[in-house]
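Use these hints to put chain Z onto chain L, whose structure you have.
Chains as they are written, first to last, in the UniProt record's numbering: chain L, 1 to 412; chain Z, 1 to 412.
You may find that some hints are simply not true.
If several chains are the same, the list does not tell them apart, and a pair holds so long as it fits within one copy or across any two.
[Claimed, not checked] In silico DSSO-like links for lysine-lysine, alpha-carbon gap of 27 Å or less:
(1) K122 x K135
(2) K118 x K258
(3) K136 x K212
(4) K122 x K332
(5) K105 x K212
(6) K105 x K267
(7) K135 x K332
(8) K332 x K118
(9) K267 x K212
(10) K284 x K323
FYI, nobody ran anything at the bench for these hints, they're computed from the structure.
2 protein chains.
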Amino acid sequence: MDFAIRGKVEFVALENSYGRFLAEDLIADHDVPSFDRSPYDGFAVRSEDTAQITRMNPGVFEVIGEIGAGSVFHTVVGRNQAVRIMTGAQLPEGADAVVMLELTKEIAGEEGKRFELKRPLKSGENISFQGEDTKKGTILAGKGSVITPGIAALLATFGYHEVPAAKKPVIGVLATGSELLDVNEPLQPGKIRNSNSYMILAQIERAGGEAKYFGKFSDDLEQCINAVREALSQVDLLITTGGVSVGDYDYLPAIYEKLGADVLFNKIAMRPGSVTTVAALDQKLLVGLSGNPSACFVGFELFVRPVIRHHNFHLSPHVRKEKAYLGEDFSKANPFTRFVRAELHFNEGRLTVLPSGFDKSSAVSSLAEANALIILPGGTRGYQAGMMVDVLLLDDQKGSDWPWENIVPSYK
Amino acid sequence: MDFAIRGKVEFVALENSYGRFLAEDLIADHDVPSFDRSPYDGFAVRSEDTAQITRMNPGVFEVIGEIGAGSVFHTVVGRNQAVRIMTGAQLPEGADAVVMLELTKEIAGEEGKRFELKRPLKSGENISFQGEDTKKGTILAGKGSVITPGIAALLATFGYHEVPAAKKPVIGVLATGSELLDVNEPLQPGKIRNSNSYMILAQIERAGGEAKYFGKFSDDLEQCINAVREALSQVDLLITTGGVSVGDYDYLPAIYEKLGADVLFNKIAMRPGSVTTVAALDQKLLVGLSGNPSACFVGFELFVRPVIRHHNFHLSPHVRKEKAYLGEDFSKANPFTRFVRAELHFNEGRLTVLPSGFDKSSAVSSLAEANALIILPGGTRGYQAGMMVDVLLLDDQKGSDWPWENIVPSYK
Numbered sequence: 001m002d003f004a005i006r007g008k009v010e011f012v013a014l015e016n017s018y019g020r021f022l023a024e025d026l027i028a029d030h031d032v033p034s035f036d037r038s039p040y041d042g043f044a045v046r047s048e049d050t051a052q053i054t055r056m057n058p059g060v061f062e063v064i065g066e067i068g069a070g071s072v073f074h075t076v077v078g079r080n081q082a083v084r085i086m087t088g089a090q091l092p093e094g095a096d097a098v099v100m101l102e103l104t105k106e107i108a109g110e111e112g113k114r115f116e117l118k119r120p121l122k123s124g125e126n127i128s129f130q131g132e133d134t135k136k137g138t139i140l141a142g143k144g145s146v147i148t149p150g151i152a153a154l155l156a157t158f159g160y161h162e163v164p165a166a167k168k169p170v171i172g173v174l175a176t177g178s179e180l181l182d183v184n185e186p187l188q189p190g191k192i193r194n195s196n197s198y199m200i201l202a203q204i205e206r207a208g209g210e211a212k213y214f215g216k217f218s219d220d221l222e223q224c225i226n227a228v229r230e231a232l233s234q235v236d237l238l239i240t241t242g243g244v245s246v247g248d249y250d251y252l253p254a255i256y257e258k259l260g261a262d263v264l265f266n267k268i269a270m271r272p273g274s275v276t277t278v279a280a281l282d283q284k285l286l287v288g289l290s291g292n293p294s295a296c297f298v299g300f301e302l303f304v305r306p307v308i309r310h311h312n313f314h315l316s317p318h319v320r321k322e323k324a325y326l327g328e329d330f331s332k333a334n335p336f337t338r339f340v341r342a343e344l345h346f347n348e349g350r351l352t353v354l355p356s357g358f359d360k361s362s363a364v365s366s367l368a369e370a371n372a373l374i375i376l377p378g379g380t381r382g383y384q385a386g387m388m389v390d391v392l393l394l395d396d397q398k399g400s401d402w403p404w405e406n407i408v409p410s411y412k
Numbered sequence: 001m002d003f004a005i006r007g008k009v010e011f012v013a014l015e016n017s018y019g020r021f022l023a024e025d026l027i028a029d030h031d032v033p034s035f036d037r038s039p040y041d042g043f044a045v046r047s048e049d050t051a052q053i054t055r056m057n058p059g060v061f062e063v064i065g066e067i068g069a070g071s072v073f074h075t076v077v078g079r080n081q082a083v084r085i086m087t088g089a090q091l092p093e094g095a096d097a098v099v100m101l102e103l104t105k106e107i108a109g110e111e112g113k114r115f116e117l118k119r120p121l122k123s124g125e126n127i128s129f130q131g132e133d134t135k136k137g138t139i140l141a142g143k144g145s146v147i148t149p150g151i152a153a154l155l156a157t158f159g160y161h162e163v164p165a166a167k168k169p170v171i172g173v174l175a176t177g178s179e180l181l182d183v184n185e186p187l188q189p190g191k192i193r194n195s196n197s198y199m200i201l202a203q204i205e206r207a208g209g210e211a212k213y214f215g216k217f218s219d220d221l222e223q224c225i226n227a228v229r230e231a232l233s234q235v236d237l238l239i240t241t242g243g244v245s246v247g248d249y250d251y252l253p254a255i256y257e258k259l260g261a262d263v264l265f266n267k268i269a270m271r272p273g274s275v276t277t278v279a280a281l282d283q284k285l286l287v288g289l290s291g292n293p294s295a296c297f298v299g300f301e302l303f304v305r306p307v308i309r310h311h312n313f314h315l316s317p318h319v320r321k322e323k324a325y326l327g328e329d330f331s332k333a334n335p336f337t338r339f340v341r342a343e344l345h346f347n348e349g350r351l352t353v354l355p356s357g358f359d360k361s362s363a364v365s366s367l368a369e370a371n372a373l374i375i376l377p378g379g380t381r382g383y384q385a386g387m388m389v390d391v392l393l394l395d396d397q398k399g400s401d402w403p404w405e406n407i408v409p410s411y412k
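In isolation and in its complexed conformation, chain L is listed as follows (with noise of 0.2 Å):
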C-alpha cells in the first residue's frame, strides 16, 4: 500500500455517475427543505385561529388564494384566512399550520371560497421545516463514498449537474502460459482456454478500475519484456497472470530484473496465492497472480483490489472483514493461512458461510457463486461447523480498514 497513488479527478455527467467513487466531500450548501413547506395538499391557516374551534363549534375560514408546487404566495394570511396549498409548497406568510384537504368541508354554494373545520390545530402541525432533513454544512456523503442512487439523489438537490469523481485507475492484464487457448479457439490435447484474463476483466470492474486487456505473453523472452515496457505504459498497474510458479519456464523474474523493477515480496504464506508476487517500476506496480483460478482470484482481492479502492479516494481500500457461522466442516488442516471461495447466506438473522463446493486451487465451477472468502488460520486442525469464522465479502463497496488482525478463530 506505500507503493499505491491516489488517482486524478474528473467531471462525470450526473446521469453517468453510478458506481463511480466520489473525488470529494459532497456537502450540502443549503438546508433541505429551503423552506418551510407542505408535506400534504391542504389549507395553510393561522393556528391560533382554531385554538377554540371543536367538533361542536366548527370555524370558518375564507380561502384568499391558493400555492401550487414551486409558486410563492404573496399576501400574509390573516384572521381566519386559509390558503389553498400543494404538497411541497411554500408555506405562506402569516400561517404556521396546515390542515389536510380530508379534515375540511367546504361550505355549500360557496365551493373554494369558504370552508368548516372541526378540529384545533398546534403550531407547526403538517409543516416541513426549513433543514429539518438537512442542515447546510452536513456532509452527506464523504470522499471515496461510491455513488449509489440515494448519494445521486443527494447530488441533484446539491446542483451537482457534473460530478467530482475518481479518474478510474486503468488496470492492465497480460496472460502467460503456453497452455492457453484464446476463447474462441478449440479445445487441443493438453491445452486450456484463457480463463483467469476474462475472471480478472471482471473482477477489475468490480472494484472500480478500467480494466484494458492485452492478451497472451508470446514465449519469446525478449518480446515478453517489450510487451510488459509497451503495456505498462498504457496503464496504472499491470497484472500478469501465471508464469509466477517454480517451473522452468518463468520467465517474470528475468523480465522484473531487465526492466530495473523492484521486487517488493514473490511469496505469501497463504494458500491458495502463494506465488503472488508484487514488483514497482516507476511509481506504477506490477503484479504477478498465480496461473491457477482460485489462486489468481484471492490474489487479485487481496492485493489489488485495494490499491484499485485507494486511488479511487477510498478510505477502507481492503476487503471487507465480517464475521460468520461455518456452516459445514471444513476438515483438511493446513500449516498456512487458507482463503476458501464461499457463498455467505443469511439464516434467519444469522450469517452463515458454505464453502462453495470443489475447493482446489485449480478449480474454475465453484467460484460462480462466491461472493465471500473465509479466512482459516494456519494450524494442525480442521475447523467444524458452527464455529465463527472471519470472512471477506466481496460484492462490497464499504471495505476495511486493516482487516488483517484477530482473525478467528485461532490456534496458535
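For chain Z alone, coordinates are given in the frame of chain L:
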C-alpha cells in the same frame, strides 16, 4: 407481473459481459479438466515403481523427457522412468502419479537425467483428474444469472467469446412538478431541484435496465400527452414521477385516459408510496411514482425492479427478502404496512438493520446509506429493538420469488 414480458437476446463480447444477465443456461460442453493433469511441478511416474521405496531404500528414476504446460508427451512411461512435468500439463501415458519436485533429489553429476525418491506414491497421487472440477453437461449458471467474475471465467472456459445476454430493457423517466428546478439551475423560493429523476436513473442501472431521461413535463396538458406518447414509443417501460397525488394539478389520470391506457391500480395500502399508479398500454407499462423521494425510491424497488429483472430472464425477480434483527425501536404505529429505508449491518454473525435516520417520505438524506427496506406490517403497535423483522435487500442480484408472504412480526 402479468404484464411484464421477457426481453430479447443479444450477444456481447465476453470482456464487456460483467453484470449482464445470462440469456441461456451456461452448460459445460466438456469436462474440466478436459484431461488428467498435474497440479504441481514435478515428475510423472508409475506408482507401482515406488511401492518398495523407503527412506532407507530410495528408488532411482530415469528422466526420459519433459512436458511443458500445453504440451503433449508422446512416449509411454516405462518401468523406473519419469517425465518432468509442469503445473497444468497433461499426464503422460503410462504414468499414474506425480511426485512434487521438492521431494526428489537429483543424482550428483547426472542433473536432469536421474533422481532419487525416498517415499512411495499411491496411484492417482497428485493428479487432477479429467472432469473432477466440472463434468460435461453440468449447468454452471442458470439463465437469468447475473454474470460475476466467476461466471466470466466459466464462460471463457467453455468458449463463449460472445455471450448471449438479455438485452437491457430501456426504462424511460419523465419528471412532473412545477416546483422542480433542473439540477444546474440556482435555487429559487418555493422550488426544489429535481432529485428523484437522477435517483431513479441510478436505480434503473442497478436493477439491470438502460435508463433514458426525458426531462420535465411542461405545464400544458396537450403537450404532456404528446410527451408521454413520444417517450413511450422509445422505451420498454415509462416511469413518471410526481403528479400522482390528489392535488389539483394532477395530469396523469387525464393523460392515461387520453392515451387509452388501462389503469391496473392507483393506490396501495402501504407507506410510503401509497399513490403509486401502474397502467398498461400496448404491452408496455406506465408507472407513476410519487414525487416524494422515499415514496419514489420504494415504489421503484417494489414495482419496477421486478419488471426489469423479469425482462432479463431472472427467475426470482422480486426484491430479495431476508430476516434481520431490528437495531432500534421504531415506535410509530401505522395502519398500513410501512417500508423503512435502512442500513443492514453484520454484527458478530448477526444481521441487524437500522432505520436510516430521519424517515419522512420527503427525506432525501436518509437515502444515501440505505441498502435495505425494513417491512413493518401495519398495526396499532410500534416495534422494539431486538425483534426479528423482514428486510428487503437492495444491493442484491439474487432476488426473491415472491416475498409477500409470512411477513414478521405479525400483529393481526
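### Task
May I ask which of the numbered hints given earlier this structure violates, with the numbers listed in increasing order?
When the structure is compared with the hints, numbers 2, 3, 5 and 10 turn out to be violated.
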